[in-house]
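As a plain string of letters, each chain reads:
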Amino acid sequence: MSNQMGRPEMAPQTPQRSGRPGEAVAPLDTPPRPSVVRMLLGSGPRFARDAMGPVLLFYAGWKLSGLTAGILVATAMAVVIFIWERRRSRSGLAASIGLVVALTQAAAGLATGSAVAYFAPGIIVNALYGLAFMVSVALGRPLAGVFAQDTYPFPPAVRASVTFRRVFSRVSLAWGTYLLLRSGLRLLVLSWRDVDLFVIVNIATGIPFTAALTAWSIWYGVRGFRRSAEWGWALRLGLVAMLLLGIVQPVRADQAADIVADADRYRRPADSFVWKITITSQEAKKTPSVDGFEVFVKSGGRVFVKFIAPPRSVGRSLLALGRDLWIYLPDAGKPVRIPLSQRLVGQVANGDIARADYSGDYDATLVGEDEVNRVACHVLDLKAKSKDVTYSAIKYWVSKEDRRPLKAEFYAGTGTLLKTGVFDNFQTIAGHLLGTRLTLTDAIRKDKSSVLDYGEVTIRELPDKYFDKNYMKTLD
Amino acid sequence: MRRVVATTALLIGLAVSSVGADEADAPDWIKALRVRGRLAEEFAYRLHDPGDVSKIKTLGWLDAKYTFSDAVAVRAGVRGWYDAVFEATDRYPPNVERDQKLDFWLREALLLVSRGDVDVRLGRQQIVWGEAIGTFITDIVNPKDFREFVLPDFSELRMPIWALDATYRLAEGVSIEGVWTPDTLKNKIPKQGAEFQFARFPYRFRNPVVHLPDDEDEFSLARSEGGARLSVLRQGWDVSLIYYDQADKLPVLFQRRTPQPPRPDIISLDPQHPRLHIVGATLGKSFEPVVVRAEAALSVGKRYETADPLDLDGVVRRDTLDWLVGVDYTFFEKLDTALQLSQKVLFGSATNLNRPGVAGQVTTSFSLRVATGFFDNTLNPTLLFIVGVDRADFRMSPRIDYLVSSAVTISVGADIFEGPHQTLYGQFDRNDRVTFTTTWRF
Chain A
199 MSNQMGRPEM
209 APQTPQRSGR
219 PGEAVAPLDT
229 PPRPSVVRML
239 LGSGPRFARD
249 AMGPVLLFYA
259 GWKLSGLTAG
269 ILVATAMAVV
279 IFIWERRRSR
289 SGLAASIGLV
299 VALTQAAAGL
309 ATGSAVAYFA
319 PGIIVNALYG
329 LAFMVSVALG
339 RPLAGVFAQD
349 TYPFPPAVRA
359 SVTFRRVFSR
369 VSLAWGTYLL
379 LRSGLRLLVL
389 SWRDVDLFVI
399 VNIATGIPFT
409 AALTAWSIWY
419 GVRGFRRSAE
429 WGWALRLGLV
439 AMLLLGIVQP
449 VRADQAADIV
459 ADADRYRRPA
469 DSFVWKITIT
479 SQEAKKTPSV
489 DGFEVFVKSG
499 GRVFVKFIAP
509 PRSVGRSLLA
519 LGRDLWIYLP
529 DAGKPVRIPL
539 SQRLVGQVAN
549 GDIARADYSG
559 DYDATLVGED
569 EVNRVACHVL
579 DLKAKSKDVT
589 YSAIKYWVSK
599 EDRRPLKAEF
609 YAGTGTLLKT
619 GVFDNFQTIA
629 GHLLGTRLTL
639 TDAIRKDKSS
649 VLDYGEVTIR
659 ELPDKYFDKN
669 YMKTLD
Chain B
42 MRRVVATTAL
52 LIGLAVSSVG
62 ADEADAPDWI
72 KALRVRGRLA
82 EEFAYRLHDP
92 GDVSKIKTLG
102 WLDAKYTFSD
112 AVAVRAGVRG
122 WYDAVFEATD
132 RYPPNVERDQ
142 KLDFWLREAL
152 LLVSRGDVDV
162 RLGRQQIVWG
172 EAIGTFITDI
182 VNPKDFREFV
192 LPDFSELRMP
202 IWALDATYRL
212 AEGVSIEGVW
222 TPDTLKNKIP
232 KQGAEFQFAR
242 FPYRFRNPVV
252 HLPDDEDEFS
262 LARSEGGARL
272 SVLRQGWDVS
282 LIYYDQADKL
292 PVLFQRRTPQ
302 PPRPDIISLD
312 PQHPRLHIVG
322 ATLGKSFEPV
332 VVRAEAALSV
342 GKRYETADPL
352 DLDGVVRRDT
362 LDWLVGVDYT
372 FFEKLDTALQ
382 LSQKVLFGSA
392 TNLNRPGVAG
402 QVTTSFSLRV
412 ATGFFDNTLN
422 PTLLFIVGVD
432 RADFRMSPRI
442 DYLVSSAVTI
452 SVGADIFEGP
462 HQTLYGQFDR
472 NDRVTFTTTW
482 RF
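Residue numbers (this note's numbering), protein chains in the order written: chain A, 199 to 674; chain B, 42 to 483.
No lab work stands behind these hints: they were computed from the structure.
Just so it is clear, CB atoms sit at the ideal spot from N, CA and C, and this is done for glycine as well.
Possibly wrong hints are sitting among the right ones.
To be verified - Between beta-carbon pairs, the in silico distance windows are: (1) B/215 x A/466: 53 to 63 angstroms; (2) B/254 x A/484: 53 to 63 angstroms; (3) B/451 x A/644: 26 to 36 angstroms.
What the hints assert, rightly or not - The calculated DSBU-like cross-link candidates involving lysine-lysine, where the alpha carbons are at most 35 angstroms apart (straight line), are: (4) A/598 x A/496; (5) A/671 x B/98; (6) A/581 x B/375.
Using the sequences and the accompanying hints, generate a full structural model.
Right, here's the structure in full:
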């Protein structure tokens, strides 16, 4: 057990406890130890490139060949940056936003033939950025933390900690203030319609301030963690812990995979069956909304979901073949590809309905033991085998006695805790003991939740054509 | 008409009663029957001078499906509307009022038979091919109703046709589909004076001109149309190859000169629908969290009107390749974006071709669709922006849908067009509008 605020007293094989009593741990990744210089050298140039590269290229192209050339080279650079980031398997959040902004700018610039119109969307987006930083602090989900994850792989337990939120809230406030002031100044200069002066102001208030603020953010972030009672000890012991975990984890991997595979059996009664699911989404002070689905499941990761309520959704359907997903919308008249991670309804992602196979989608590691409602549990850390799944990581509580799933925490690629899930109401249906209720609760807004009630089950052999996207319209 | 109203009332009654019925107690024939529908009130106000209402349309849809067994089912659907704008304003000429005030369509009348790996759909239907959203590049089988440009949902733009559509699954993930139709319906073009009347071709004749009617049969075994699609899904790569043989759904105005010495020749403009052979391919692939889609269609035999005074029939052949590549990505797990780049490439010079949508030998356009949801997706803002890069014409359509209840949706939106007059969106430069729609589904 650990004390409330200070350093946990547990063995070094689980050094990254969150500090809360009874809470088990996520395994350590093996990132390099953070330092100001390493992080600045690693992410500083990338940040400066994303922020200033397209502007400088635009200016060069505009001066040398005209507006269209300037717009095209700047847009091309944004596209190249985006592709580069994706190929290096980084989430490339800044680059993604840069790409969208660049494309909007290009459209505005080309549509109007004006350099002023070209720059305006960027300024507006920058101001929105500033506002977003401020709002994110108010919501308790500081945006700087999301960007920090883009440059340094913080383990889930760190991301969920109080120190993380405190440090990155302050960093977010600094960035929000800077971005709003800079946007105001640039808007003022742009209103004078002097593009040369604008570019000078853009660069003068851009690169130096960005570099200084980036350096300060990293320095302040590292210092904040080092000085915290919650994580200071962990940074000092980090290397030792990583070595120990490296030895411990492989031994536990096989057992972990078995546990997850056994837990999956409480969520699917047969190889081929039809399950009626009702999802009740609720939020404080609001009338709950109810959505009904008829889910056809067959081995090989094939799932067909028919929307049966409410009236506005009737006629829609989803088809999942492994990790490929299509939605059929009567208005479009054809199946359309969508990502698994897209939200279906309430707190429920498409993958929550279409993919119930954690053992197939995630690599499991046994990281500790815990109790949920006085039931002794294994605690497992599940990491996505590929990017094609709904969640990047899941922290999973499975009963030690009969390996039924009891609780889960679902994390995004940025390491942010998205929602928690509780499995209960276990009943014997068609000769199988099944968990018939899953309650998903938003990680930030605890009053927002969705309850998945698994109702009538029909076990029967379903024809293969039910799982053909060209047949979706016929099944409507 | 009375029979239609009575049938409609009966179906609505069945639909409403089926909502409240206890499914378990219902007789088998009720369980096998699925009836649903919606009613909508669409209001539009034109912003440019003369600012005025441009639509007060009441629409109703009703469709039903009766499933005899896993192998056999029938479906039927109707749609009707009444547009009261023609009572509220006299801005539109009588021919437009006749064309657009009242409308009643049999949208679907279909027998579905499925046996083993073969599925057959026989009857009046929409057949939709393609991967992309909001474009018709390989969505070629059904003609389109352009009376409100391309602003309504695509399922409303497509005009259903009588056809036989058979699919055979060759192996898991591989199927071939054949389509045949004698229903050679053409695109529905807005009448002269309509709100979204297309820009007319800028002829500069000094001769007298006679416009001949477009009176080709709309049902002809001899000129029947058909084609096939081979679909393959392997390792998440969704690829299809398409061939379709059809008459051009848009009329091409051929010129014919009739000498009348000593007076100048009379020029007759004869709308014809030349035969097209369309070869295409589509591709879809998810690189989670990014979805990529692409489409291409080569129209062999495509013809365009030309302003070249030396051209005898005023029409030139330009085989045309339309292609598109699109990317979908969800930002912050909340903001769905779809970006598409498309080009129309003419095999030959585009000089003197002044059709909206053809800016030159290569016409490039971008589209960006952004959508998100608030309050558990009860408030859903959407923005669609399409820009023609060559002539800088664009369309911007912001919209907010609010789900008042599980059955009622209210939508507020706008359609803004900008650009030179002879461009796809610029031709409606003065047709900017705001819209307000209420929909009730049952």
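Enumerated hints in conflict with the structure, sorted upward: Those not satisfied come down to hint 1.
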